[in-house]
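Following the hints, complete the assembly by docking chain B onto the known chain A.
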Amino acid sequence: MLEIKCPYCGKRSQNEFSYGGDASVKRPELGKEISDKDWDDFIYNRKNPRGKHSEFWHHIAGCRQWFKVLRSTATHEIFKTAKIDEEL
Amino acid sequence: MQKYSILSLIKNAFSNHQNWEVAWKDPEPKKEYDVVIVGGGGHGLATAYYLAKEHKITNIAILEKGWIGGGNVGRNTTILRSNYMWDANGLFYEYGMKLWENLSQELNYNVMYSPRGIINLAHSDAQLNVYARRGNSMRLNGIDALMLGREELKKKIPFADFSASARFPIFGGLMQPRGGTARHDAVAWGYARQADSMGVDIIQHCEVTGFDVQNGKIEGVQTSRGNIKTKKIGLCVAGSTSLLAEKLNMKLPIEAHVLQACVSEPVKPFLDHVVTFGAGHFYCSQSDKGEMVMGGDLDGYNSYAQRGNLPTIQHVLSEGVAMFPNLSRLKMLRTWGGIMDMSMDGSPVIDKSHIEGLYLNFGWCYGGFKATPVSGWTFAHTIAQDRPHKLNEKFTLNRFNTGHLIDEKGVGTKTWIG
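The listed protein sequences correspond, in order, to chains A and B. First residue of the first sequence: 1, per this note's numbering; consecutive thereafter. First residue of the second sequence: 1, per this note's numbering; consecutive thereafter.
It should be emphasised that the hints constitute simulated quantities derived from the structure, not laboratory data. You may find that some hints are simply not true.
As the list claims (entries may be wrong) - Derived lysine to any residue pairs resembling SDA-like cross-links, with alpha carbons at most 25 Å apart: (1) Lys251/B x Arg50/A; (2) Lys247/B x Val25/A; (3) Lys251/B x His76/A; (4) Lys37/A x Thr402/B; (5) Lys80/A x Pro49/A; (6) Lys26/A x Gly403/B.
Just chain A, with the same shape it has in the complex (with noise of 0.2 Å):
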């Protein structure tokens, strides 16, 4: 059982939470030319780390924030959450 820090209500059982995928993929800024390569990066490529690894998560039967985790890939080890807007 992972146990997450939300941000907001602290630290809470998995079951409260879902998963929101890799939090370093970027939208292309819009307006700007934008390349096929580009967008196959945003939409399909993953880096898919063996280790640390940002990541968006949900507290959707909570407060219903999204916020970021940085979480081992490797040992399910939670080293820190932080809001959606700041850094990890």
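Only chain B this time, still in chain A's reference frame:
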């Protein structure tokens, strides 16, 4: 190679089974090979076998970081089926079913192929319509499919919840009678033994640490047991694909996720078929030992850990109990996890790459085991002929760029939803 038969069994019984030949050797890596297969799982072993058998290329090394059969080929729920709707998938997996049917004879190794039939349950009229459409698509591709009504299902799976109070009442189902199971370890060992007998070097405990690429061409591979020269590398490392791709500066359309499975204590014959729950994600069958073999959802976050967490097991088994209420009385014997390459459209890639001599085989999501023979067969063709076979020509890497996705499940790019 020693042939396995009832006579060889009797003969060896007289010497207390002390004199069986080893099933495969443990060679030192040579300096150079025609083809190097990275990954000694089911797909890698099958690829080497079909390269030797169909394409007469026998100077091959299989490099395996751990031991053969220790990864996903030993961690799955052993289900075989070709009940797909899209042509690319249906025709591909159906060719695989044909290979499964003769595999024990071909490998002279009992893979315990058991065509017991796979049943997908439907819990609403709408779902029955969807299954009828899928069944019709399958039959147009020459794949066996049957629609079953509620009364027929009562006879086939009497322990399912047919009560008036069922939360998800059973309306009917789609059955592929030739679907079933096989013994996963035997598949790996059978391919390994035959590949070895044709001259393939199976090199275990040998980790690939880097690739030698010059002028856009593969020249060799660096390993924990020295450098090996080769012009052709086949990458078959489901669960570690992104990690090796990173060494080649490639970013692939996959995420690694852990999928758990579990078995119960053994009980008397209870379930004759493979059955999937239509109102969630749960599937089960009964092993020859009597254990209920069960699985369902991913844990739902990126993971390379080969172990999962209890909430997912609880969630999956609650679906199981909704389908077969008397499962609630069983004790769990063991649970385990394997790492899936979850691709962005739910279908695999068997393709060449932008590097000459580098061939890719990844993205099997939940479905790698049943594909073992056909994946090896088509990948061997792709490597030997330097072009895909018709069966895998749609499983390209650039389909994500051109938009020709094979989105059988239509769930989009959220791989963790699966």
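Taking the hints in turn, this is what the structure says about them:
1. Lys251/B x Arg50/A: Roughly 14 Å separates the two Cα atoms, so the pair holds.
2. Lys247/B x Val25/A: Holds, at roughly 20 Å.
3. Lys251/B x His76/A: holds (22 Å)
4. Lys37/A x Thr402/B: holds (11 Å)
5. Lys80/A x Pro49/A: Distance of about 17 Å is within 25 Å: holds.
6. Lys26/A x Gly403/B: Roughly 21 Å separates the two Cα atoms, so the pair holds.
The structure shown violates none of the earlier numbered hints.
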